[in-house]
Each structure stands twice: as C-alpha cells, then as structure tokens.
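As they're listed, the protein sequences go chains A and B.
Per the UniProt record's numbering: the first sequence = residues 1 to 287.
Per the UniProt record's numbering: the second sequence = residues 1 to 277.
One or more of the hints may lead you astray.
[Claimed, not checked] SDA-like, lysine to any residue: derived pairs with alpha carbons at most 20 Å apart:
#1 K142/B <-> T121/B
#2 K116/B <-> F191/A
#3 K164/A <-> G188/A
#4 K88/B <-> G188/A
#5 K145/A <-> L134/A
#6 K147/B <-> S283/A
#7 K164/A <-> T99/A
#8 K116/B <-> P203/A
#9 K88/B <-> E43/B
#10 K88/B <-> G114/A
[What the hints assert, rightly or not] What follows is a list of derived Cβ distance ranges for each label pair:
#11 A270/B <-> R280/A: 51 to 59 Å
#12 L138/A <-> A127/B: 53 to 61 Å
#13 F130/A <-> G10/B: 50 to 58 Å
#14 V100/A <-> A187/B: 29 to 37 Å
#15 A264/A <-> A127/B: 47 to 55 Å
#16 W115/A <-> S179/B: 35 to 43 Å
#17 G10/B <-> R280/A: 51 to 59 Å
#18 P233/A <-> A127/B: 54 to 62 Å
#19 S283/A <-> R16/B: 54 to 62 Å
#20 G74/B <-> G114/A: 38 to 46 Å
#21 F130/A <-> K147/B: 39 to 47 Å
#22 G119/B <-> W115/A: 48 to 56 Å
#23 G227/A <-> G119/B: 54 to 62 Å
#24 S283/A <-> G45/B: 29 to 37 Å
In short, the hints are calculated from the structure, not lab data.
C-beta atoms are modelled at their ideal positions from N, C-alpha and C, and glycine is treated no differently.
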Amino acid sequence: MSSLSTPTLASTPVIGRKKRDVAYLVSLGFLLLVVAAALLAPWVAPYAANAVDFTAIWQAPGAGHLLGTDQVGQDLFSRLIHGARESLLGPLALLALATVFGVTIGTVAAWNGGWIDVVLARITDVMFAFPGLLFVVLVIAVFGKGPATAIVALALAYAPVIAKFTRSLALAEMTRPYVDAYRVQGVGGAFLCVRYIIPNLTPPLLGYLVVLFGEGLMSLATLSFLGFGAQPPSSEWGLMVQEGQSGIIQGHIWPTLVPGAAIAAVVVAVNVVGVRLSDRLNSRFER
Amino acid sequence: MSENALEVEGLQKAFRVGAGNVVACNNVNFAIPPGGSMGLVGESGSGKSTIARMLVGLETPDAGTIHVRGRQLGTRERGRAARLRRAKEIQMVFQDPYGSLDRRLTVAQCLDQAMKLHGVTSGTSRASRVSGLLDQVGLLAKHGESKPHQLSGGQRQRVAIARCLAIEPSVMVLDEAVSALDVSVQAQILALLNEIRASSGIALLFVSHDLAVVSEVTDDVLVMYRGSVLEQGNTSQVLNHPEHSYTKLLLSSMPGPCWNPKAVMQRRAAFEAEVAT
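If we strip away everything but chain B, and leave its shape as in the complex, we get:
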C-alpha cells in the first residue's frame, strides 16, 4: 500500500428512505498525499457530508475501504484502544461552531480532556500544550478560561481546530467548517488552516459547497452530484477549465457581481432534464 495520507477506494453508502434507497455515495475513489489538501464540492444532498462522516466513523460504509497512511480503518471500532487509534488517524471540524463544543466546559478543559483521553497523563505537560495550541490557532491565553458562549463564531471554530490538533491526527476533515462564518472571518480561518498544513503536514479534506473557499485552500478537487464523482483533478484546472456540464453549472451558479438567480435556475432545470434522459 502506498503511503498516501488518506486513500479511499470504492466507498459506497445508501440510505433507506421510505420504500426506496438513496445512494449517498457511489463508488468514490480518491487519495490525498501527506500534507496535501483536497476539496469535496457539490450541492446539498450530493453526499459529501456522508463521505466525511464515514471517514471519521460516524457512519458505516456499505462497501469500500479507507486507508490512513497505509493502515486500513475498521468499519466499526470495538473497544477503547481501536477507537482511540482511529481518532488519532483522522479528526473532524464540524460545520456548526455553536453546537460542536460542549457548552459546559471551558476552552482549556475541552483541550485538556481531549489530550487526557489520548494518553497525555502529566497534567503539567497538558497545561503547557494547551497554551501552545491556543497560540497556534491564534487565540489568547485568556480565551482558555472562556466558555463557548463567550466566544464568537470564528473563535469557536479556532477552538474546534485546536481540539483536533490536540489529538495530532494525520488527516483533518473539515465539514463546511467555514460556511457558518462571515467572509472576513472565513479568510482568517482559511489562512490559519493553510498555515497548519504547511507547518504540521496534516492532510486536509475540505468539504464545502463554496467553490471560492475550495480554490483558496486545496490542491485537488472532487466534484460530486447525487453520490457520484463527476469530475476530479487539480483544483485550478477543474475550476478554470471545467469539463463536466455539472461543474460548469456549479461555477455559473456562484453568486457574483452579475449574478442572475433566474438564469441559474433555468440552467439547473436544463441540466436535470439532461440527467433524466
């Protein structure tokens, strides 16, 4: 097995909805090299979040394999050691910075408990690491004593990133991690992620519907529609010279100075008619 940071082969998942099945992920293959960064784009319901949840073990794939640095991840971890090993390979930042932190714990407690869980037994070394992590994600020492509700959305997302870093994973999955933030804060968080990638070599998987975000932080990109990958390749190549009609549609749907929602809807209807035939 190659030493890619993350390698996904033949990933498959369907959900039963009513009488029929909805395919959320249909034979998806991709790989991210160490320190690499990949974008997973597509509209709502295209299956990108399902892939993210399967990678971190919150959903069980129907078929396919996931390797992190050559080691295959189990489909359902049994026992504490296996759970912790998986967590050590791959971590996730969630979309909702308001809900993804435990509102009862201060930032320092949150980071401290993550490290304690992962075997950093010495209290003093945890404490020094907490201040190191806060510094790394651009928070001040005083923020360690704050509870989540005292922080802004951007600060909370920094905490969530620090919580991932505390576990020192090989891969970090960011599920719409900046979608809930306003544009200027988005830029700060993206810069932070680029910095972390450069300094730590953690590979990033960026799940997003926002093409601008993806073009900012990723090397490669995967375009998904209804569970299938339509186009994949180098990010600037795909976004500047899209080949698949869906990618073109997605690009032309982006809000901009000359954005025309009516035309977007018409193109979308034309595309769906094309898919149906």
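Next comes chain A alone, as it looks inside the complex:
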C-alpha cells in the first residue's frame, strides 16, 4: 500500500455551508402564490370583481368576505385577485418594452463607442435629469390617460436606466478575450453583440430587472392612484387604493389598506428575490 494519500474533494469537510435562505424562499413562495391566484382569478375568487352588494358595504374582514368589502359592497379579496392580473402584467409589459430599448441602446453605445456613445450618454443624462414622474405626466398630458399610455411613458423613463446599466456591463464584457476571439473568427459586430455578448450579460441583467419590476409596479400603481393609469371599473391595485380613500375619513380603512398592503408585500418580496437572484446569478457569471 502506498503511504501517499491523495486528498479528494469528498473527504474535505464542507466549511461554512450556506444556511437555508428563509427570506428568499418565503418571498419566492409568496410571489408564486400571487401569480397563481392572478392566473386562476375567475376560479379562485369567491365573487366576481365587480359584484356589487349594497346590503354589505364597508364590512370588516370576516367569514363572508375574507378581506371585507368597499363602499358599494364589492368583495375586496376578489377584487384584489382579479386586479392582480393588471397589476402584475402592467410592470411586466413596461419592463419588456424598457428592456428592448435600454439593452439595445446600452449595447450599441458600448460597442461603437465614439460619438454614438457620447450622443446616447447625453440623451440618457437628459432623461435622468428630468424627474421621472413629471416626464410621465407630461407624456400622458400629450397622449391622453389610460393604462397603455402609462406603460409606454414609464418604459421611456426606465429605458435610460437600463441602458446605462447595460452599457457598463457590456463595456466590461467586451474586454474579455473571448470577444476578440470571435472577431478573429470573422464574426461581425452586430451578430457578436446579439448572439454572444447580450446572452452573457443576461444573468446580472435579470437580477436587476427583477428589482426594477418592483419599482415599476409601484410607479404604475402611483399613476393609477393619480387617475392617469388604469380606469374604473378596473380593480388595479393603485386604483383600488384611490377608490377606497373616501372611506378613510369615516373610519373604513380596509378598502385602502388591503390593496396598499398587497402592493407593499409584492414589492418587498420582489426585491428580496431580485437581490438574492442577482447574487446567485452573478456568482455563476463571474466564473
């Protein structure tokens, strides 16, 4: 028998193994639950979204109405579930739009450099300097209110943020020798960016976009609250808060509290998941 023993990976003790990330798992579970409820709204919700019941107005949470009712007796729990569709799809559409713009602009700026980069940087600087909400209200003033305008306007406000982030990621990525190796192979610039560089940026970008999703949800709810976004009879969450506020003065807090808490809970959960996700994806990305 040989006196030399080779150390193996299996025999080395695992030091400092990561403990289960409870906040991440709870947040992820919660979000999945919300998405499932939104998808299955007609089957899950005990009442229709706009079922008016004047015999049961302003009820506190209880057996008949899980989260209470509003000033015309609509079941808040059902409205919340139905409204989840619009409340979640809105920021999704907004991000999709902003990502297409932002990633394109950021990658083009990083790849071309020179005057294109300067011009794009100035445009994004102007967008940054302009308060986001003011810009959005301006766009809505020109094109009229409504959920679609709100989404497009917010997408235009978010695109520069994503463009800046993408540009810095892409610049770092382009210093990696594999990019030169593709060029030496004869791969053209546009193809190289779309096919190889952008996919390699996806992990850090994805984590960032998840966090932005939370912000987008909040911004859209704000616009709906102000009356620029979703319009009645929608039960979008921001609109629900706005409709419920008339009751606060009379002591009926539930119609405001319920959708408000839903927005807060989803945003917090999205942020927790986003931060953890970008940590995990980045550790893979750095390899």
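With the hints as your guide, set chain B onto chain A.
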C-alpha cells in the same frame, strides 16, 4: 509575390499616450515559409503582442503590408465575406485560456459554431469534424459536452487550438499561448503544436517572452525591443550565439539554477544607459 505562408513588410504602428506617441512597431519585416515556425521574443511592452493583433485584424497598422500565401490582407475588413476570408487565412490562440472561451458554450458548441460560420452547413459533417478535432488536440469525446469552467487551463488551451483548426487557417498566431500554463502542461501543448505543424503544414508565429519555449518550437526568431527588431535569424544561431547586446541581456536574464536577479537588474540598467546615449 513569393508563396510564403506569411510575409510582413514595413509594418508600423504607434499609439498615442498622453502628449506623445509610443512606437509599438517600427518597420518590422519578416516572412514565414509554409509549415514554418517563427518566434517573436522580447520583454513586456516591446510590441510583440501588437504585431500579433495587427496580423489578425484586431489593430490597424499605420503602414506596411501583410501577405498570407501571396494575398494581401486588408487593413479594415468591410462586409461578411471579407471578414471570413481573412479569418480563414490567419487565426490566433490567446494568452488567457480562462477568458478566451465563451463561458456559456460547451466545447462542442464552440467548435460547431466556428465551422457553421465558415460555411460547413451540414450538421452531421460538423459533428464528425468536432470529434475529429477533439481527437487531434488530445481531448476525449466527453470533453465536448464540458463547459470551459469544467476544464483545466491546458485543456482549455487545447480547445482554443481546436477552434483555430476548425477554421483551417494557413497561419496560426500564438500570443503567449503557453505562458499561463504550468511547465509540464506547457510541454504537452508545445508537443501538440509541433505535431500539428508537421501534419497540417500550418505556419506558426510564436509570440513569447519565454526563450526556452521559443527554442523548443521555432525555426527562426525575431528579437524585439521597444517596437524595433534588433536581431533576427535562425533560432539556434540567435539563441546560442547572440550578436546584439540586448539578446545577450535577454538570455542572461532567464531564470535558471544560478540565476541572480540583482545582477540581471544591473545589466539591464547598463543596457538602458547604453540605449539612451
């Protein structure tokens, strides 16, 4: 024009640094015959990597011409066909085996896409060629399914070599291709390169600061200092009977059993004083 595999004439390149210019390449001329092998040696900053990057089109020369098998390479390729034609003439293996492979792709995908780009349209012929290439560079079939981070430095450099071979170039430039590898792995890769040169007739240009490596794999050598060629000729001749004082300095600077860093630094200072006058 002669039928040298690679012929470089009057190559010139300066970089603007601050207010002044740094000459990275000053009137460099050399030729490599088909199947030949040339070393480009010099210290860091001598311009050898700049030459390598100009040859593969990553930098644009200020002046001078590059011919591969009698055909002149353009300074800036426009359009897909011109880019691919250039790539077909000359390929490069990079110094950093950890960064020069796309971390998202498996080895087989990496080779497959290189061939697809260069017009091998049939999927089955690409697949059979992938296994042929893996075999040629001494990798096993199972390595085809690996991603770069699952491979060792030497294995990655083999993949990088296979990726060059997939394009079937006339000339392969190796920019410090074994510098990041440990000595025993270096020897394996050098043996592999010698084998490839013998079997395929691809001419090699070996850019290296390591004289031992250069003496192992090259016929001719070019000694560079601050962008200029100081000495060139047959490798064993230059390394055994150096004429230029810089070549002597370089040789005496090599770490060995009786290596004395202090003496090396003194000789270096004396040489720089000599250059300055």
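Comparing the hints with the structure gives:
no., hint, in the structure
1, K142/B <-> T121/B, "violated, 24 Å"
2, K116/B <-> F191/A, "holds, 14 Å"
3, K164/A <-> G188/A, "violated, 24 Å"
4, K88/B <-> G188/A, "holds, 14 Å"
5, K145/A <-> L134/A, "holds, 14 Å"
6, K147/B <-> S283/A, "holds, 16 Å"
7, K164/A <-> T99/A, "holds, 11 Å"
8, K116/B <-> P203/A, "violated, 26 Å"
9, K88/B <-> E43/B, "violated, 30 Å"
10, K88/B <-> G114/A, "violated, 30 Å"
11, A270/B <-> R280/A: 51 to 59 Å, "holds, 56 Å"
12, L138/A <-> A127/B: 53 to 61 Å, "holds, 57 Å"
13, F130/A <-> G10/B: 50 to 58 Å, "holds, 54 Å"
14, V100/A <-> A187/B: 29 to 37 Å, "violated, 51 Å"
15, A264/A <-> A127/B: 47 to 55 Å, "holds, 54 Å"
16, W115/A <-> S179/B: 35 to 43 Å, "holds, 37 Å"
17, G10/B <-> R280/A: 51 to 59 Å, "holds, 54 Å"
18, P233/A <-> A127/B: 54 to 62 Å, "holds, 59 Å"
19, S283/A <-> R16/B: 54 to 62 Å, "violated, 39 Å"
20, G74/B <-> G114/A: 38 to 46 Å, "violated, 21 Å"
21, F130/A <-> K147/B: 39 to 47 Å, "holds, 44 Å"
22, G119/B <-> W115/A: 48 to 56 Å, "violated, 35 Å"
23, G227/A <-> G119/B: 54 to 62 Å, "holds, 60 Å"
24, S283/A <-> G45/B: 29 to 37 Å, "holds, 35 Å"
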